[in-house]
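**Student:** When you line the sequence shown up against this note's numbering, it's residues 1 to 204, in that order.
Calculated directly from the structure, the hints in this document are not laboratory data. Honestly, I wouldn't trust all of these hints.
[Said to hold, decoys possible] Keeping only pairs whose Cα atoms sit at most 25 Å apart, straight-line, the calculated DMTMM-like set for lysine to aspartate or glutamate is:
(1) Lys27 to Glu41
(2) Lys151 to Asp74
(3) Lys146 to Asp40
(4) Lys27 to Glu53
(5) Lys30 to Glu177
(6) Lys174 to Asp45
(7) Lys30 to Asp187
(8) Lys39 to Asp16
(9) Lys30 to Asp90
(10) Lys67 to Asp40
(11) Lys202 to Asp140
(12) Lys27 to Glu139
(13) Lys202 to Asp167
(14) Lys39 to Glu177
(15) Lys133 to Asp77
(16) Lys49 to Asp90
(17) Lys27 to Glu177
(18) Lys67 to Asp45
(19) Lys67 to Asp77
(20) Lys146 to Asp168
(21) Lys151 to Glu177
(22) Lys30 to Asp40
(23) Lys27 to Glu109
(24) Lys151 to Asp90
(25) Lys174 to Glu34
(26) Lys133 to Asp74
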Amino acid sequence: MFSFFKKKKKSDSFFDMLTRQARIVRKGLKLLHEYCLYKDEEIADEIIKTELEGDMARRVLIDEIDKTFITPIDREDLFKLSSNLDEVLDYAKTSVDEIRLFGITPNEEMVEVTAVLLNMTEHIILAISHMEKNPSIAEDEAIFVKGLENKVGNLTVRALATLFDSDDFNMIFKYREIYRHLNRTADVADLAMDSLLRILVKHS
């Protein structure tokens, strides 16, 4: 796995940069979960800062791709995986933006969903960090993340069903939009693991 490139200094740096980007994503999802738990606006502000931090990490990776003659992973695959990670953080920030815009209070269902999203990011880090030297572990972690995506889908469907017990259609619309963004966060995390698994297959 990636053995041809192991003597090249850039090899480690690309895997390190992807892992660093994944850690920033985890930081953002941890803040999102804490925001839903504690309803603290200072935490929401930190999520916005973290999203910018993630953008910077992605730009550094792209700049390094542009400067490198031979990359340990196909350029397109590097770009796609990094883009997927960036989208996870973008949707987390968008969820907070809409919670604030709609003036709603995060509920128990959001706490539960964001806990699973946070767990997904923990295993995304493990998957990426094992790509180069332990591809079988990376594969197992990626598959585990994809299973958690299904759990988020089930939780959001259940949360939506609870919403429709209410006659407050304005409230239903607002919460439905938040659930949609949270579910999309899980979807793009799942896509990130699809990208990772494709890389593993190419280099097996």
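**Student:** Which numbered hints are broken by the structure, listed smallest first?
**Tutor:** 2, 3, 8, 10, 13, 18, 20
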